[in-house]
Amino acid sequence: HVINDTIILQVLFAHKRNYVLTRLQEIGFTIEQAPAGTFYIWCSVSKFNPPINDGVNFFREALKEKVTVIPGKFFDVNPGRRRPQAGRYHDFIRISYGPTFETLVRGMNSLERLVKKFS
1 HVINDTIILQ VLFAHKRNYV LTRLQEIGFT IEQAPAGTFY IWCSVSKFNP
51 PINDGVNFFR EALKEKVTVI PGKFFDVNPG RRRPQAGRYH DFIRISYGPT
101 FETLVRGMNS LERLVKKFS
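Numbering (the numbering used here), first residue to last: 1 to 119.
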């Protein structure tokens, strides 16, 4: 029973992962590496036009579309702010493909609208 449930979850998450990866790439996000064991995708927004070419501004604009993404900056460990420059994840966001498939479709459509709005 447990093995079957595990397989079903793996298949479900693989389907959602592939869908979100494909849509993000079609929209124009840069994905350096597809996730192998999590349900998050790291995307660079650096190729987009201002103001959505950094993670924090993208986050703010995505909220207006009722989509939550997490700025990569929030994951950049810089204790005591020893590095004065922007960290490596300044222009990245993290997107979860954990929600339902229907929610992911709505979210991807909203992100596509957002990117087109600033194109």
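These are calculated hints, taken from the structure and not from any lab test. Being a predicted model, the structure only gives us computed values, none of them experimental. Among the hints, a few may not be true.
[What the hints assert, rightly or not] Using 30 Å as the maximum straight-line C-alpha spacing, the simulated DSBU-like pairs for lysine-lysine come out as follows:
| id | residue 1 | residue 2 |
| --- | --- | --- |
| 1 | Lys116 | Lys66 |
| 2 | Lys73 | Lys47 |
| 3 | Lys64 | Lys16 |
Cross-check of the supplied hints:
1. Lys116 with Lys66: holds (16 Å)
2. Lys73 with Lys47: Holds - the C-alpha atoms of Lys47 and Lys73 are around 17 Å apart, at most 30 Å.
3. Lys64 with Lys16: holds (24 Å)
The structure shown violates none of the earlier numbered hints.
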